[in-house]
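S.K.: Chains as they are written, first to last, in this note's numbering: chain A, 1 to 249; chain B, 250 to 562.
Calculated from the structure, these hints are not laboratory results. Just to be clear, a hint being listed does not mean it is correct.
Distance ranges between label pairs, derived from CB positions [unchecked claim]:
# : chain 1 : residue 1 : chain 2 : residue 2 : range
1 : B       : 301       : A       : 68        : 50 to 58 angstroms
2 : B       : 414       : A       : 17        : 47 to 55 angstroms
3 : B       : 301       : A       : 148       : 24 to 32 angstroms
4 : A       : 13        : B       : 424       : 36 to 44 angstroms
Each computed DSS-like pair below joins lysine-lysine, with the alpha-carbon atoms no more than 27 angstroms apart [what the hints assert, rightly or not]:
#  : chain 1 : residue 1 : chain 2 : residue 2
5  : A       : 234       : A       : 21
6  : B       : 532       : B       : 522
7  : B       : 373       : A       : 244
8  : B       : 373       : A       : 100
9  : B       : 252       : A       : 217
10 : A       : 234       : B       : 373
Away from chain A, derived, C-beta distances all over 12 angstroms, residues of chain B [to be verified]:
#  : residue
11 : 276
12 : 280
13 : 432
Beta carbons: idealized from backbone N, C-alpha and C, even for Gly.
What follows is the residue order along each chain.
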Amino acid sequence: MSKILVGLKRVVDYNVRVRVKPDGTGVVTDGVKMSINPFDEIALEEALRIKEKGGATEVVVVSIGPADTQQQLRTGLAMGADRAILVQTDTAIEPLAAAKVFLKLIEKENPQIVLLGKQGIDDDNNQTGQMLAALWDRPQATFASKVELDGGKAKVTREVDAGLETIEVDLPAVFTTDLRLNEPRYVKLPDIMKAKKKPLDTVAIASLGVDTAPQFKTTKYEPPAARSKGIMVKDVAELVAALKQKGLV
Amino acid sequence: MAKILIVAEHAGGKLNPSTAKCVACASKIDGAQIDIAVFATDGAAVAAEAAKIQGVKTVLTVNNAANAEPLAAVLAPQVAAVAANYTHVFGPSTTFGKDLMPRVAALLGVGQLSDIAAVEGAYKFRRPVYAGNAIISVEAPQDKKLVATVRTASFQAAPQGGSAGVEAANVSASLPSHTRFVSRSAAATGRPDLQTASRVVSGGRALGSADNFKIIFGLADKMGAGVGASRAAVDAGYAANDLQVGQTGKIIAPELYVAIGISGAIQHLTGIKDARTIVAINKDAEAPIFEVADIGLVGDLFTIVPELEKALG
Ligand SMILES: Cc1cc2nc3c(=O)[nH]c(=O)nc-3n(C[C@H](O)[C@H](O)[C@H](O)COP(=O)(O)OP(=O)(O)OC[C@H]3O[C@@H](n4cnc5c(N)ncnc54)[C@H](O)[C@@H]3O)c2cc1C
Ligand SMILES: Cc1cc2nc3c(=O)[nH]c(=O)nc-3n(C[C@H](O)[C@H](O)[C@H](O)COP(=O)(O)OP(=O)(O)OC[C@H]3O[C@@H](n4cnc5c(N)ncnc54)[C@H](O)[C@@H]3O)c2cc1C
């Protein structure tokens, strides 16, 4: 049985314009729309495509979060995942702790591939996959834009600053997804009904015996510095004059 | 006292400017001792460059045939070994550093602070979250090694003129063979590098095709500028992936940023909010890009861009 484990993080939807609370203790999340981290949708889509091509027999989606995270896991099941695991916690955990939780699940599930997003669009940390690969002592292929499996190996094309880089890794391995890996499928209504019958196990984070105490302390949230109001010009001549005045051309 | 190790980023025997930006960040910590480590097959040339950065005490070279390509799985155990003598380990928040540093942190059994945007103390920093919609102040524990990446757009490269010593470091770490480099395709454009260019001209979905996108290259060449693109333009295949500017692409801070046919989605804006001057050209007067633009021009890019190119002589 070759399995793929996929991380689905519950985050504030990317369309929401996030605002800092006036008292600086956090951002406004009450009543805000929550969704699956977009990179994780891409991770799930890739896992499903691998399974559809015969490269895996089971796709398991995993989320670490509060009870409400069941919504995102159900969406993952409706997309086509076979099974879901919710590791329940009411406090936010840091990437190292998330990696430790994933490692515990790996020990139990024995996946060939773990697919995560390259970053959560909330905290933008870009850490969890790399940390997990280190703790698991296995390869990592981050920022993947193409994955080709070949027996016990995978060739992965990665989006790097200089262009595209291809590496080959032995499986099992951790992949993190970049935007252009694929375009996730839409969920169809009958699939939502079917997803209700698929297994979703809930595990209390404490039962896993990992240290999830945060290492970092956020002392303050502030809105970013606002840019000063600009000017509108009416044609190219005015634009060039304005640029000249600033010494930019 | 803080002893800071910076992992050098380099390619083709040349030091990446991101390293001098990490030094600039580290220099903001009072009394810090700053060393740089160069992991390469033969790091002599890169180390000589690194030794000239002001504020650096020692440059360590770790030569190993396995270090020919920057594979995180191979480099991380070596960085972790060298890190033993340091209180802080910094890398740039480029794809090189983002790939490597969390792996180093996990090997050291600590968390990582991503994207330092400002230094408030040896263990107190500021960083953006939520696509730059919030800036948080974060405190790290003083009894643990601090592994962090530096948001390169937030720092001016530390100046030249230093004369650090160069030493070979012996590292014993067992290196994995499970990860192998295959190839890299970098488009050699001859244009200024997007991440360090002082001027950048960017095109969006409005360009409509890879062929049309050439007018962006034309204008950029006239201005001596680097070229950027929105995600929509990259997804549609008008521009290469390494040109994407934004939350999930490159975060840049040029003197001049010209956004052409780009609407100004938050994910794009977070990549340019440190630009000194933003110029927007868009046919929709209501486009959100105008809210952040210093100079805005409403109109059709297909008439404006050729006119502008001509006006610039
Ligand atoms: C310095 C620092 C300050 C913090 N401050 C706060 C704070 O003030 N308030 C607060 O609420 N939280 C805070 N956190 C914790 C934070 O909320 C996140 O839970 C945690 O850091 C993961 O962030 P990320 O998604 O950016 O990780 P990334 O490493 O960017 O995530 C990459 C991928 O890992 C997987 N993954 C990560 N987390 C999960 C998960 N829970 N479930 C399933 N898959 C997952 C996903 O596939 C995701 O795409 C802080 C963390 C740090 C390091
Ligand atoms: C997880 C996630 C991450 C993302 N990361 C990034 C990122 O890193 N970078 C990024 O850029 N985006 C990113 N995006 C995408 C972002 O949300 C927007 O979809 C994208 O930036 C839009 O690109 P655009 O402005 O080129 O296209 P559009 O929004 O379609 O805007 C095109 C603009 O061109 C104008 N226009 C059309 N024709 C003309 C003409 N003839 N002359 C002048 N103007 C014209 C229109 O008025 C419009 O304003 C991300 C999205 C998600 C979900």
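S.K.: Next, verify each hint and record whether it holds.
M.R.: Against the structure, the hints:
1. 301/B - 68/A: 50 to 58 angstroms: Taking Cβ atoms as reference, residue 301/B and residue 68/A lie about 54 angstroms apart, which means the hint holds.
2. 414/B - 17/A: 47 to 55 angstroms: About 50 angstroms separates the Cβ atoms of residue 414/B and residue 17/A, which means 47 to 55 angstroms holds.
3. 301/B - 148/A: 24 to 32 angstroms: Violated - the Cβ-Cβ distance for residue 301/B and residue 148/A, about 43 angstroms, lies outside 24 to 32 angstroms.
4. 13/A - 424/B: 36 to 44 angstroms: About 42 angstroms separates the Cβ atoms of residue 13/A and residue 424/B, which means 36 to 44 angstroms holds.
5. 234/A - 21/A: violated, 38 angstroms
6. 532/B - 522/B: holds, 22 angstroms
7. 373/B - 244/A: Roughly 41 angstroms separates the two Cα atoms, so the pair is violated.
8. 373/B - 100/A: holds, 25 angstroms
9. 252/B - 217/A: holds, 22 angstroms
10. 234/A - 373/B: Roughly 46 angstroms separates the two Cα atoms, so the pair is violated.
11. 276: holds, 23 angstroms
12. 280: holds, 23 angstroms
13. 432: violated, 5 angstroms
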